[in-house]
Every structure is written in structure tokens, then in C-alpha cells.
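Asker: As a plain string of letters, each chain reads:
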Amino acid sequence: DTGVSQDPRHKITKRGQNVTFRCDPISEHNRLYWYRQTLGQGPEFLTYFQNEAQLEKSRLLSDRFSAERPKGSFSTLEIQRTEQGDSAMYLCASSFQGASNYGYTFGSGTRLTVV
Amino acid sequence: LAKTTQPISMDSYEGQEVNITCSHNNIATNDYITWYQQFPSQGPRFIIQGYKTKVTNEVASLFIPADRKSSTLSLPRVSLSDTAVYYCLVGEEAAGNKLTFGGGTRVLVKP
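Residue numbers (this note's numbering), protein chains in the order written: chain A, 1 to 115; chain B, 1 to 111.
Be aware that a few hints might be false.
Below, in silico cross-link-like pairs of lysine to any residue (SDA-like), each with a Cα-Cα straight-line distance of 20 Å or less [claimed, not checked]:
{"id": "1", "chain 1": "B", "residue 1": "Lys98", "chain 2": "A", "residue 2": "Gln41"}
{"id": "2", "chain 1": "B", "residue 1": "Lys3", "chain 2": "B", "residue 2": "Ser23"}
{"id": "3", "chain 1": "A", "residue 1": "Lys57", "chain 2": "B", "residue 2": "Thr100"}
{"id": "4", "chain 1": "A", "residue 1": "Lys11", "chain 2": "B", "residue 2": "Pro40"}
{"id": "5", "chain 1": "B", "residue 1": "Lys3", "chain 2": "A", "residue 2": "Gly42"}
{"id": "6", "chain 1": "B", "residue 1": "Lys98", "chain 2": "A", "residue 2": "Gln54"}
{"id": "7", "chain 1": "B", "residue 1": "Lys98", "chain 2": "A", "residue 2": "Asn51"}
{"id": "8", "chain 1": "B", "residue 1": "Lys98", "chain 2": "A", "residue 2": "Leu55"}
{"id": "9", "chain 1": "B", "residue 1": "Lys98", "chain 2": "A", "residue 2": "Ser100"}
{"id": "10", "chain 1": "B", "residue 1": "Lys98", "chain 2": "A", "residue 2": "Thr38"}
{"id": "11", "chain 1": "B", "residue 1": "Lys3", "chain 2": "A", "residue 2": "Gln41"}
For each label pair, taking beta carbons as the anchor points, the in silico distance ranges come out as [claimed, not checked]:
{"id": "12", "chain 1": "B", "residue 1": "Phe63", "chain 2": "A", "residue 2": "Thr76", "range": "38 to 46 Å"}
{"id": "13", "chain 1": "A", "residue 1": "Arg81", "chain 2": "B", "residue 2": "Arg45", "range": "27 to 35 Å"}
{"id": "14", "chain 1": "A", "residue 1": "Gly103", "chain 2": "B", "residue 2": "Thr21", "range": "23 to 31 Å"}
{"id": "15", "chain 1": "A", "residue 1": "Gly72", "chain 2": "B", "residue 2": "Arg77", "range": "38 to 46 Å"}
{"id": "16", "chain 1": "A", "residue 1": "Gln17", "chain 2": "B", "residue 2": "Glu14", "range": "39 to 47 Å"}
{"id": "17", "chain 1": "A", "residue 1": "Arg81", "chain 2": "B", "residue 2": "Gly15", "range": "48 to 56 Å"}
{"id": "18", "chain 1": "B", "residue 1": "Asn26", "chain 2": "A", "residue 2": "Ala53", "range": "30 to 38 Å"}
{"id": "19", "chain 1": "B", "residue 1": "Pro65", "chain 2": "A", "residue 2": "Gly3", "range": "32 to 40 Å"}
{"id": "20", "chain 1": "B", "residue 1": "Arg45", "chain 2": "A", "residue 2": "Asn51", "range": "21 to 29 Å"}
Source of the hints: derived by calculation from the structure; they are not laboratory data.
Just so it is clear, the structure is predicted and the values come from calculations on it, not from any experiment.
We put the beta carbon where it would ideally sit given N, CA and C, even for glycine.
Can you build the whole structure from these sequences, using the hints too?
Answerer: Below is the structure:
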């Protein structure tokens, strides 16, 4: 296992289009987190899963954002009707349940540009 | 969650020691201090975590005074590859979904 993998690394889309990003966590990790990072800011928590259950989604930025983890393995983050303000890096992280903060592994992110 | 304040940026030269101080006046009794490092176009990576006094690992040292209202991350003999953003986080030892990043300190190491 080589860590958390995110695909694609870069995505350019036109305003109004839908986009979907994929995250493959470390296989033994049962928790998966999505973050958004805009230029010059730290990562901002969006949502997380424990196995296939989405335990926190109130921080998703709007109802245009949704995430799934259907089999408790990989996860997808979808943004519908993209806006220019959605341009950011979308980061995925995984961990064991209850892991100390050193147990979080982040992926390299998907950079979204909305034109 | 305790609010943290750290410098926006710092410049240094290769071979020097870099010290980044983070203020967290409202730290709670159960809070830990955790530092992450982020290189451009990569996700954050854990560096070090501590509760009090001093913690050292192969990458850095973390100094925490008795009142725990601040902490200092020390990077010994930096190289160009240490150019990154460094985040100070204060919260639970296993923060889970509460892992909260601030603006970070952008460290530039010059030759």
C-alpha cells in the first residue's frame, strides 16, 4: 500500500459542470476525511466517513457538494453545478478510528479550476 | 477549539536552525499541540506532537513551556527541502474530524 491516492490530480472544468473526485485510502484505515484548501489557507474540513457511514456532513459547503463511500473502501466527492468559487485543492485523508493525530495520512489532492 | 496564532512567513538559510512559535492562550487541559508540514502540491504531513515540556524526534523538536500558552517548533540545520508551510494545531490527542488547521507559517529556506 503506497498511501492515500487521489484521482485526478488536476481538473479544469467549465462553470456549471459537475465534477467527481476519487480517493483511495490506506486499505487498513476505516476512517476517511475530505478537506478543501484554498490558496494561502490551511485545509478546511468538509466531511468524514467511518467505514461506509458518513458521520459528519454539516460542514459540506452547500447542497451542491456530496460524498459517498459505498463499500467502505474508496470514496468520491461530487460537486454539482460548479462555480468559480469552488476552485481549490480537495484533499483526502485516512486513519484508523481513534488514531492519534500522527496517524493521519493525506493524499496529494485534486486541484480543481473552474473557468 | 483553542485558537492559534503563528507568523505568516519566515525566511532562513541552509544550515540554520528555524524556530516557529505558536501562541495558544486558550489551550484546554486536555489539548495537545500538533505540528504538520505541507509541501507545495502535497497534502499535510505530521511532524510532531506534544503535551508539555520537550518532545524530540528525527525531524524536529517541540518546546512547550509550563503554562502551555505557546509552543515552539524547532527545525535543526534546515535544507532547501524544508521549504514548506508549517501548521500548529491545538486540540485533542486524537482529533478525528476536529483536526483544524489555521493559516500556517510559510518557511522559505534560501541557499
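Asker: If a hint holds in the structure, say so; if it does not, say that too.
Answerer: Hints and how they fare:
1. B:Lys98 <-> A:Gln41: Status holds; Cα separation ~17 Å.
2. B:Lys3 <-> B:Ser23: holds, 8 Å
3. A:Lys57 <-> B:Thr100: Holds, because 15 Å separates the two Cα atoms, which is no more than 20 Å.
4. A:Lys11 <-> B:Pro40: holds, 17 Å
5. B:Lys3 <-> A:Gly42: With Cα atoms ~14 Å apart, lysine 3 of chain B and glycine 42 of chain A stay inside 20 Å; holds.
6. B:Lys98 <-> A:Gln54: Between lysine 98 of chain B and glutamine 54 of chain A the Cα gap is close to 15 Å, so the pair holds against 20 Å.
7. B:Lys98 <-> A:Asn51: holds, 18 Å
8. B:Lys98 <-> A:Leu55: holds, 12 Å
9. B:Lys98 <-> A:Ser100: Status holds; Cα separation ~12 Å.
10. B:Lys98 <-> A:Thr38: holds, 19 Å
11. B:Lys3 <-> A:Gln41: Holds - the C-alpha atoms of glutamine 41 of chain A and lysine 3 of chain B are around 15 Å apart, at most 20 Å.
12. B:Phe63 <-> A:Thr76: 38 to 46 Å: holds, 42 Å
13. A:Arg81 <-> B:Arg45: 27 to 35 Å: Cβ of arginine 81 of chain A to Cβ of arginine 45 of chain B: about 34 Å, so the range 27 to 35 Å holds.
14. A:Gly103 <-> B:Thr21: 23 to 31 Å: holds, 26 Å
15. A:Gly72 <-> B:Arg77: 38 to 46 Å: holds, 44 Å
16. A:Gln17 <-> B:Glu14: 39 to 47 Å: holds, 45 Å
17. A:Arg81 <-> B:Gly15: 48 to 56 Å: Taking Cβ atoms as reference, arginine 81 of chain A and glycine 15 of chain B lie about 51 Å apart, which means the hint holds.
18. B:Asn26 <-> A:Ala53: 30 to 38 Å: holds, 32 Å
19. B:Pro65 <-> A:Gly3: 32 to 40 Å: For glycine 3 of chain A against proline 65 of chain B, whose Cβ atoms are near 35 Å apart, the range 32 to 40 Å holds.
20. B:Arg45 <-> A:Asn51: 21 to 29 Å: Distance hint for arginine 45 of chain B, asparagine 51 of chain A holds at roughly 25 Å.
Of the numbered hints stated above, none is contradicted by the structure.
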